[in-house]
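Protein chains: 2
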Amino acid sequence: MKRKVTLKQIAKELDVSISTVSKSLRNSPEISEDTRQKVQAFAKLYNYKPNNIALSLKNRKTKTIGIIIPEIVHHFFATVISGIEQVANEQGYNVIVCLSNESFDREVINMEMLANGSTDGFIMSLSKETQFKADYHHITEIINQGMPVVMFDRVTSDILCDKVIIDDKAAAYDAVQSLIQSGHKRIALVTTVDYVSVGKLRTDGYTKALLDNDLPFDENLILKVEDIENCEPKISKFIEKFKPDAVFAVNELFAVISIKAANKLGFRVPEDISVIAFTDGIISMYSTPTITTVSQDGIKMGRKAAMMLIDRLESDDEDDEHYRTEVIETHLIERESTKAIGNA
Amino acid sequence: MKRKVTLKQIAKELDVSISTVSKSLRNSPEISEDTRQKVQAFAKLYNYKPNNIALSLKNRKTKTIGIIIPEIVHHFFATVISGIEQVANEQGYNVIVCLSNESFDREVINMEMLANGSTDGFIMSLSKETQFKADYHHITEIINQGMPVVMFDRVTSDILCDKVIIDDKAAAYDAVQSLIQSGHKRIALVTTVDYVSVGKLRTDGYTKALLDNDLPFDENLILKVEDIENCEPKISKFIEKFKPDAVFAVNELFAVISIKAANKLGFRVPEDISVIAFTDGIISMYSTPTITTVSQDGIKMGRKAAMMLIDRLESDDEDDEHYRTEVIETHLIERESTKAIGNA
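Listed in order, the protein sequences are those of chains A and B.
Just add 32 to wherever you are in the first sequence, counting from 1, and you've got the numbering used here.
Just add 32 to wherever you are in the second sequence, counting from 1, and you've got the numbering used here.
Certain hints may be false.
Not close to chain A: a few residues of chain B, all C-beta gaps over 12 angstroms, as computed [unchecked claim]:
no., residue
1, T94
2, K95
3, N176
4, Q213
5, L285
6, K332
7, R356
8, V359
Footprint (simulated), chain A over chain B, 3 or more residues, beta carbon under 8 angstroms [stated by the list, open to error]:
no., region
9, 107 to 121
10, 138 to 144
Derived contacts from chain A toward chain B, CB cut-off under 10 angstroms, selection only [said to hold, decoys possible]:
no., residue
11, T38
12, I104
13, E122
14, Q123
15, N126
16, Q209
17, I212
18, Q213
19, L285
20, I289
21, L297
Hints were generated in silico from the structure; no laboratory data involved.
Here the structure is a predicted model, which means the values were calculated and not measured.
The beta-carbon is built from N, C-alpha and C at its ideal position, and this holds for glycine as well.
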């Protein structure tokens, strides 16, 4: 029995990256002639079969949607999947989920595997590593072969396809604006150290709200958290030193840890410090106090992405290159962690 | 182009259940002769192709593991997937996840789809509806065709296969025992109305701990919650009326809601009421007070299930019918929601 050789095996055998193998097989000029020849010879020798998606698409439909997400232990991605499932099941489609675990290689491997006859199209959110490398050739390849892709949340302008996003900048702006309107002047931003597009957009929204309200932009009030697991001491020191009157946290974990740290320092939430979190999840609903959040409606995002993909799969115009970017509205869910202060 | 007809389409067309179609195609005597003939004729007419798994298995390996879980917006299942991913990736396997959404039909459809050449074997946790119907023919079929299945958490003794479980009864017993040892006498059980095996086992463990310690079993102290979304008023009335000195909740949501309800009634946790939750998730870690839990180690469960499946996939003895049931140890993680009272 002859097993099918995969991109990954070729990469391992020749000690090059998966991306290099993939590009070599497409004869990309980015790769040296020498490497290309080596990869192609190896692939031929071991009977590597590239996907013949365009061909198989003409012949059959799988009625299956492939979802590629960075991680699963994350309420937001789980709700997006629920939304996709709802629409897919209504329309007679199955759904298959694969995780990239924030790894570029796993994203490439999973897409290769699913594209190989298991799905009609993809709904995906980019892994951190893919965004960092800005290498999207695997997605381009899939699209070129005639398989539609819809990106959500973590998207890139380097790829032409349908997208579903929230306006992260506007949403962050609104959250900070609401803190300013309720009398807060020293508003801290607790964010991630990241190259993920949404992180930067949220910081931009925070900054713009301050400037539009003639509040000073103070770099000391921005805390970039590297190690999520052990961030409480860092957040605690930050609050103790810079004494913000409000915290805008880019996720609910940072928000709940900020509340705990503030309490231990003797500050009350919301009396002394108001806290708003980005992303509405179960922590915000059940913490004490419950947390005011900017709601990213994951279900709605998933439903919209599924509708866009199915529209494209069932459209007669296979070459429709009019791609849309849908913006999902966010809204502030006011709970117990925010309060007007001073004369506001 | 002739599309492939699916079990679901046949069922819809003939207005029978998917299970009936599947059984008719296998000529099951459970189904009337008339229905069997109708289904078989229709399947033939529309070119229905059943899986030829045993055949395809001989010819190729997909190096892919299929996971079927009931739902994804659930921390426990998410951690099990992470555990499976870890081992699978270490061993060069990919992982595909499908959700049954607690529906029997979706479980059958997803398994049919994945078995059709996409995976080498399955790791699964049964949907509520499947457990309620006690219809496992789709799993039997997969196993009979030579594809290994490992069940975890929600398993059934009706199927012979490898299983990974926690000892729910012993874990519940230990939790209640620890409450009794710390002086509690009126221990309430907040549980689900369910036909899911684990719910019953946890209730058995609760009851046994009371009896072993000569504490009276009082049915009034057991609250069965039907509607998780709106259960706070019900839990609140229950606590007000029966005044337990401790609550053992079968999930962390019930625990955090019990704490909130108790607080609103003027009871302090843990001074007046101790609370223990089954399943350790992010709510327990970040609620105020943090919640003492019986930790179900999802990562460990997932890792063990993946090892068992891969062992079987890579074993030379394809007909090894010596199935194992591995029991994952639980342990109590003591946090702020429990406290010794009285003379304990």
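Each hint, compared with the structure:
no.	hint	result
1	T94	violated, 8 angstroms
2	K95	violated, 8 angstroms
3	N176	holds, 22 angstroms
4	Q213	holds, 28 angstroms
5	L285	violated, 8 angstroms
6	K332	holds, 15 angstroms
7	R356	holds, 27 angstroms
8	V359	holds, 24 angstroms
9	107 to 121	holds (count 7)
10	138 to 144	holds (count 3)
11	T38	holds, 8 angstroms
12	I104	holds, 5 angstroms
13	E122	violated, 12 angstroms
14	Q123	violated, 12 angstroms
15	N126	holds, 5 angstroms
16	Q209	violated, 27 angstroms
17	I212	violated, 27 angstroms
18	Q213	violated, 28 angstroms
19	L285	holds, 8 angstroms
20	I289	holds, 8 angstroms
21	L297	violated, 15 angstroms
When the structure is compared with the earlier hints, violations turn up for hints 1, 2, 5, 13, 14, 16, 17, 18, 21 and for no others.
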